[in-house]
Amino acid sequence: MTQQIELSGVNKYYGAYHALRDIDLSIRKGAFVALVGPSGCGKSTLLRSLAGLESISSGDLIIAGEKMNGVPPRKRDLAMVFQSYALYPHMTVEQNLTYSLRIRGVKKAEAKKAADEVAATTGLSILLHRYPRELSGGQRQRVAMSRAIIRNPKAFLFDEPLSNLDAALRVHMRKEIRMLHDRLGATSVYVTHDQVEAMTMADHVVVMRSGLIEQQGAPLDLYDRPVNRFVAGFIGSPAMNFVPAKVGADGETLVVDLGGPQTIRMARPLQPGLNVIVGLRPEHLLPAEAGRALLHLPVASVENTGAATHVTTATTPELTLVLNGRIPLSPADSVPITFDAAHLHLFDAKTEMRLVPA
Amino acid sequence: MSIRKFLMAGALALVSTSALTVNAQAADEVTIRIWSLDKPEQPALNLAREFDEKEPGIKVEYRLIQFDDVVSEAMRAFSTGQAPDIIAIDNPDHAVFASRGAFLDLTDMIAKSTVIKKENYFQGPLNSVTWKDKLYGVPKATNTIALYYNADMFKAKGLDPDKPPQTWDELLAAARTLNDPAKNVYGLAFSAKAGEEGTFQFLPWVQMAGGSYQTINSAGGVKALTAWKTIMDEKLASPDSLTRGQWDSTGTFNSGNAAMAISGPWELNRMTQEAKFDWRVALLPVPEPGAQRSSAMGDFNWAIFSSTKHPAEAFKAIEYFASQDDKMFAKYGQLPARSDITLPPTGDAKKDAALKVFQEQLKYAKARGPHPQWPKISKAIQDAIQAALTGQMSPKDALDQAAKKINAVLG
Amino acid sequence: MRKIISSLTDGRGFDIGLVALPLGFLFLMSGLPLLYNVLMSFQEVDMFSLGSFVRPFVGFSNYVALFSEPETWPIFANTAIFVTASIAGQFALGFGLALFFWVNFPGASWLRGLFLVSWVMPGLVVGAVWNWMLSGDFGVINFLLRESGIISGNIFWRSDPSYALWAVILANIWLGTSFNMILLSVGLSSIPDDLFEAAELDGANVWQRFYTITLPMMRSSIGAIVSLGLIFTLQQFDLFAAITSGGPNNASNVAQYWAWDLSFRQYDFARGATISVIMIVFVMFASVVYVRSTKQEVRG
Amino acid sequence: MSETTRNRLMLAIALVLAAIYLFPLYWMYITTLKSGSAMFATPPSFWPSDPQWSTYAYVWESRNLARYMGNSLIIAVGAVTVITLLGTGCAYVLARYRNGWVDVGLFLILMLQVLPASLMITPIFVGFSQIGLLDYPRLAVIIAIAAKAMPFFVVLVRATFMSVPMELEEAALVDGNSRVGAFFHIVLPLARNGILVSAILIFMQAFGEFVYSKSIIQAVEYQPASVGLNSFMGPNTNEWNNIMAFATIYVTPILAVFVLLQRRIVSGLTSGALK
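Protein sequences appear in the order of chains H, F, E and R. Quick note on this note's numbering: the first sequence kicks off at 1 and runs consecutively. Quick note on this note's numbering: the second sequence kicks off at 359 and runs consecutively. Quick note on this note's numbering: the third sequence kicks off at 770 and runs consecutively. Quick note on this note's numbering: the fourth sequence kicks off at 1070 and runs consecutively.
There's no promise every hint is true.
[Unchecked claim] Covered stretches of chain F, going by a simulated chain E footprint (3 or more residues, C-beta under 8 Å):
#1 474-485
#2 738-746
[Said to hold, decoys possible] With a Cα cut of at most 20 Å, we get these calculated DMTMM-like pairs of lysine to aspartate or glutamate:
#3 F:LYS763 x E:GLU813
#4 F:LYS734 x F:ASP758
#5 F:LYS587 x F:ASP684
#6 F:LYS417 x R:GLU1290
#7 F:LYS593 x E:ASP929
Don't read these hints as lab results, they were simulated from the structure. Where a beta carbon is used, it is the ideal one built from N, C-alpha and C, also for glycine.
Whole structure, please, built from the sequences with the hints as guidance.
Put into structure tokens, the structure is as follows:
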């Protein structure tokens, strides 16, 4: 398996501020990697370091087998799509598309041909002679994409390219980008703060916080086995519920405090008396038939989306439930809940790290 | 960098420049640079051009400098080795340069000259070019101030136009009579500007009252300043006299907005053209009948900078200028500083009559200084005038303060 | 060598090169002359040592002598009045005009542009025109004031100690208003409209909106204008030379004119330099204010 | 009040304000058309009964205005060229970064224009004479003006660059351009308007420059119109009509250019150049 991009031990400082901490990351050729995390986590800095717009303070950055530390952006042969699209306002769409070709000395006719081809695939053919200010948001986004595609670069870098679009268009573009990626057989690094985008588009998700990579792996691995409470809370929507609990004296039960102590049996034993945090995904909490409920939760509010019923409980801490179908509930009702103990995520209350059952 | 090294560098620069210019022109041509404040209708510029045409081997470059800039430009140029060969300098400033060796000592050249003879010049102008018994220049022209008056207005107000005011009291009385705010007419126009012109106009009054710049706070000085203050307080002259020069002030006389004006012969040509009334000139009034007369001695001197490369040619130019002194009044309305020239009548009766008065007045003209720090002395006097006339100090206090500053300069 | 070239085309070297050249030029052409002035203020200088740097060193005696002069404090007070009144006047009028033209009516932008002509006129010409208009006996300003009944007798703008400074201030306000207006217009147009709409919905009236939205939102523009104004005002020289020459009796004399007067009229170069050093200290203060005001800038 | 009434009212007020503000200019023009005696007349006439158009021809001829204007033009063009070449890059860098060094740079640049030209001239004159620059007087004045006016230019143009999004330049870098190329291809064209406007303003200032020209240029054939006007004014004159005619001929071209371009200038100033 060839590695298109390899980072090892990369650090980046802004004065005293440590923006990237010991980043190790390998990106396989043809992979679609999403960098995800809350704002300020360093994901954009990492992307810009790949592009060469920021210089890294230490560590190695290798692109297609070549060490790229300190190499200027233009010699890295990467294409980037910016959040604001960064279309050159004084150039037409065609000029925007062919800009990088012209710089590399590609002949005019050839560049034009390339632009026509790309425009045809992205549906920009009739817009080639417009200026960016005459385009809609979605069209601008397409131009930005096309400008990257036309170069056939070693990798595509995306810096939150969909955040300026409306919800429907965003969902549509998600698919389109992914399809493009597959068709071109490209390598893509995609920065987003939206974990849904990361989960749906990428084959490899990197979750970052405070300059550190918290966890990386296939989307479903992250969903199923988050290494810590942060990743668990970040991946999945609506977010995972967390409930403080204590392992019972037998090591096989958990005493959960939700207004009143309730006991849950665990699938595997843990060290008795340990303080833990129980993570329960909303979608894993199911309505129980009478008498088989593991928990009885008082209802605080109910939102009905038509397909599902979102329930917020009147417990401390409050829990979110996503129940399939329309369930007639109103505040002050109590809802009986069951779940599969295998879906419990347990984190050490102190370190917040995932507890591997003993 | 020491002054010496610096001067050498300057000289080098000069040599290289002149080398450049020489290349561009005939190989043996000498360039003489002349700075003066004379405008196209005034003597220096024309004389320079004539000399340029007359002497094929000498090229003359003339630069017009504003009155206010003459000294500062000259200083800056001299201290950086850019000084011209010849400069026309106001007579009270002459000693500033002569005392520091910036001007060439012309004593021997003048002694040998057939054109310029020391004994031909009036004593006042001659004093101003003399420093420590050596001659550092040649008087360019001379002038003094006297009283212009509008005879038509005198008649209209019942004053005798043949009996102009003789004393300060009469002057003030006449001014009061002639003052006519409704018609926008002031009794008198003069200049109390905070500049050399103010000192120039004021010192004669002090001297007539028995004072001098060394004893500026004597009774005479106070009396003179008190008289000026009366003129200003009673609005016998425009309050703008405080900020207006002589030429502007006399302009209001010419346009009929002032009945009398204190100014010099440089006004004659303009007045002949502009003044549409019977104007005449009288001697400056004195404090009381029988008091000594005095007046200011004005105008510029020619000097050669000691840094010149062509002293002989420069002196030749000044000799040519002096040789034309006899035509100066007829052509330019300026008075030569010489006693050996009788001015021919101009044919204009008013002008000829005025000329006689000015020549008489010149006999009493006294040079300012000479003193190497004259600008500071003059500034002290101007400050006193302004402080008193704006009512911020009494004349006595103002002059006491000026005397203190002047004594500090005199040492 | 290759590294240097690549740094010039791709890295910091490009920035450093772009900045070093002009800064070096400025240092040579403005910095050295400035230092020369500072040096002179500690030396004894006369006309014949102007071209040299080695001169008798006199420590702070120029400063001591300066502050023992009776006119020193009044002149600094005049400077303060001139600067304060000019900036206040330019700012108030400029702000008023900017607000006025901010209301979009047909012809607004064209007329606003016309106001800028005062700014492109050479200072010398402005001085000459105002000198002529402010003249006591023939000045058109006195005539207009008389005709409109505001004054009964002529005001001798240039010669009356209580008016002379204000005459120059008047001309200077005329000169600087348009600059203030245009900068403030820029500041105004950069405030998002929805802020005003929000405030209006919150029940704020015109004045409240002005004080709670307009002024705070323009804080950085205002800081820049006031400190630039301070520098421009302290540089104003032509108007003094053309209108009052600092007179009468120093009534309209200010530091920058006085420094020139001492240097070039009384040939006391050291004392002139001393005043300029004091002015430099003041402007350093203004520059700090300006630089701090730019801290609030946002990249657009 | 309807929209149109309000607009008309505002326009009327604006016209009145403009008339008051531009009165000095009007007075300059009207004085040129008066005869010597009409100038000092009380009450002054606001419209010349007998316009003296010949004043212009007289002043143009007798004062050699063509030569003066030519020199002003050379000096202004020269100064603008030097300032634009040097100042644009400086402004760009100062806009690109936001750190302590930029603060120091800005501070220095402002500090360097503290003193009025009247106080800077002596050291400059001394310095120029040492390096022999005084032999090329117009060049010397161009350099002196450039040093004087550049800080202002840098402050203005820096604001223009601030309004060019950094991402455009970064996009160009990623697209394969060098810093130099990105600067010339992307940043410069986008800041063009602001630079142009600032250059025009500098041009107008340089066209009116007086103090340096007066002291540095000694030969009358190289002097600009400001020096010519000054030697005309002097202490010994009350030919206000001629002086104003000189001033009029001198400033009218700049005013004309300004009025013609003012739309562009004002929009350049308001849309970012000074943000």
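Now for the hints, and whether the structure bears them out:
1. 474-485: With 0 residues close enough to chain E, the hint is violated.
2. 738-746: holds (count 3)
3. F:LYS763 x E:GLU813: Within the cut-off at roughly 19 Å; holds.
4. F:LYS734 x F:ASP758: holds (15 Å)
5. F:LYS587 x F:ASP684: violated (41 Å)
6. F:LYS417 x R:GLU1290: holds (16 Å)
7. F:LYS593 x E:ASP929: holds (12 Å)
Hints 1, 5 from the list above are not met by this structure, while the remaining hints are.
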